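Participant: Chains L and Z, in that order, give the protein sequences.
Residues in the first sequence are numbered consecutively from 1, following our numbering.
Residues in the second sequence are numbered consecutively from 1, following our numbering.
Errors might be hidden in some of the hints.
Have a look at the derived ranges for each label pair, beta carbon to beta carbon [as the list claims (entries may be wrong)]:
no., chain 1, residue 1, chain 2, residue 2, range
1, L, R142, Z, A188, 45 to 53 Å
2, Z, H101, L, E121, 54 to 62 Å
3, Z, L110, L, G136, 48 to 56 Å
4, Z, L179, L, G136, 29 to 37 Å
5, Z, I236, L, S120, 39 to 47 Å
To be clear, the hints were calculated from the coordinates, so they are not data collected in a lab.
Keep in mind the model is a prediction, meaning the values are calculated, not measured.
Note that CB positions come from ideal geometry on N, CA and C, so glycine has one too.
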Amino acid sequence: MSAGEAIIRLSALGKVFQTEEIETHALSDINLVVRAGEYLAISGPSGCGKSTLLSILGLLDSPTSGEYLLAGERVAGLSAAERARIRNKQIGFVFQAFNLIGDLSVYENVELPLTYRGMSETERKRRVVSALDRVGMTHRKRHFPAQLSGGQQQRVAVARAVAGDPLILLADEPTGNLDSTNGEAVMGLLQELHAQGATICMVTHDARYEALADRTVHVFDGRMTSAAGDEPERGIG
Amino acid sequence: MTDHPPRDGGDTPRHTETPRPPNGLRNPDLADDTSPESDEQRTDRKAQEAESLDAGTTYEVIRRVGLRELDRATSALLWSGLAAGLSMGFSFLAEGLLRSHLPDAPWQPLISKLGYSVGFLIVILGSQQLFTENTLTPIVPLLHRFSRERLRNVLRLWIAVLIANLVGAVIFATLIGRLNVVDAATQATLSTLARAALAPDTFTTMLHAVFAGWLIALMVWMLPDAKTAKPMIIIIMTYLVGLGEFAHVIVGTTEVAYAAVRGEAAVGHVIFGYVLPTLLGNIIGGVTMVASLNHAQATSGEDDD
Chain L
1 MSAGEAIIRL SALGKVFQTE EIETHALSDI NLVVRAGEYL AISGPSGCGK
51 STLLSILGLL DSPTSGEYLL AGERVAGLSA AERARIRNKQ IGFVFQAFNL
101 IGDLSVYENV ELPLTYRGMS ETERKRRVVS ALDRVGMTHR KRHFPAQLSG
151 GQQQRVAVAR AVAGDPLILL ADEPTGNLDS TNGEAVMGLL QELHAQGATI
201 CMVTHDARYE ALADRTVHVF DGRMTSAAGD EPERGIG
Chain Z
1 MTDHPPRDGG DTPRHTETPR PPNGLRNPDL ADDTSPESDE QRTDRKAQEA
51 ESLDAGTTYE VIRRVGLREL DRATSALLWS GLAAGLSMGF SFLAEGLLRS
101 HLPDAPWQPL ISKLGYSVGF LIVILGSQQL FTENTLTPIV PLLHRFSRER
151 LRNVLRLWIA VLIANLVGAV IFATLIGRLN VVDAATQATL STLARAALAP
201 DTFTTMLHAV FAGWLIALMV WMLPDAKTAK PMIIIIMTYL VGLGEFAHVI
251 VGTTEVAYAA VRGEAAVGHV IFGYVLPTLL GNIIGGVTMV ASLNHAQATS
301 GEDDD
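Excised from the complex, chain L in its bound form (with noise of 0.2 Å):
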């Protein structure tokens, strides 16, 4: 997609959570357009339902009420299957527990995805060594998870994350389970990611980190409460 244009629209979007008798608003009324080439940071406090809303940007949950388009695709209704397609394709997620599989290699954990995707080997090969390369671990590529630091397996998670050539990058709170030395090397590395054209939407609490983003958008209490640097249209829900 070229810069500017919008990967994520959501239009008056919600999200209800019904246990027996109880009825739970995560999200309301929520608008937001993500376009290519940004960095946006969703932040807010705990329980705000930020990460219901990346859960939903991801095709990890579905909306109750409102509309997501991707890539100007309507992605709200599909089947699982159909979002588990989309997902593998369009979207890369790092997450704050790296999510790495234990008992493969580096080169094989950041290969798995594509595997999916029915890509021959030598395409394969190349997009891992590209992707391990942009995120300097392929002097590690041999190693299992571990045998990595924090820092290291966060970076082989972004490495697994952008081999796919996502149209997104989905960070949630990717800095929570590391120390601020490592934390800020994976922010830095998001950042030259960004530089390099990738779009990019974080979720964190991080004050620090939001600051890097080129917008942010506030959640409370399940509503956008502010949307910094954004056009009306995509302003406060």
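Given the structure of chain L, go ahead and fit chain Z onto it with the hints provided.
Facilitator: Frame of chain L, contents of chain Z only:
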């Protein structure tokens, strides 16, 4: 990094005052009091569920691990298998030690069988080669892409690991059967366990072994996604094998070899009445109930998603 300027030139308000909740909206703190699971917990759980490995990914992980195992040199397999055979003896010994310190009550196996898990914990967490794990791991790549060369390689691995495991088991049995490693009371308990292993007829032994092979291969299938729960899964699954008195060829060989070493069982009965039917049952349980079924599940595209 904290002084890094924002990309938009700094006109973005970065640190807004924490807004008050709009009227009519729930207070998250109060909501947490009334809801059995908070939004964040629910979202985390959903994310974890989405990130837990589906059947196709588990299959792919095991296939890759299997290929690595098939690449190992025979000498490495033999040494690792010998170490595993010796280590598995601790399942027998730990159960015997626990049982010898417990009263002869109906609930006694519920505790003493916890000892059965000890050898498995050592072997699996120590990355040693255990034959019954290999009824799944190298079989998956064989089923994935069958070739005569790969079949030969699987047989090479099986034979090397099985022989080494059995040799290790017999050495362990000889050590505790001939030397005063444990006191007389524990030796008597170990003899009781060995006699119990040899008691069922051949068919029953094989049937028990099918269930043992099934459970062990299921455990191997579960491990790639186990993360920090790995020891717990090993304990639960192997405890079940022990409690059910399902025959496991390596632990069982330590038991029956102990009886043979002490002159309490004939070698022929040990081999033909126990070791061979148990081996066959373990292979049937692991290969058919887990490897083949999960191969079919994963390759037919019917995963958990």
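Participant: Could you run down the list of hints and mark each one as holding or not?
Facilitator: Evaluated hints:
no., hint, result
1, R142/L - A188/Z: 45 to 53 Å, "holds, 51 Å"
2, H101/Z - E121/L: 54 to 62 Å, "holds, 57 Å"
3, L110/Z - G136/L: 48 to 56 Å, "holds, 53 Å"
4, L179/Z - G136/L: 29 to 37 Å, "violated, 55 Å"
5, I236/Z - S120/L: 39 to 47 Å, "holds, 41 Å"
The structure is inconsistent with hint 4 alone, although it conforms to all the rest.
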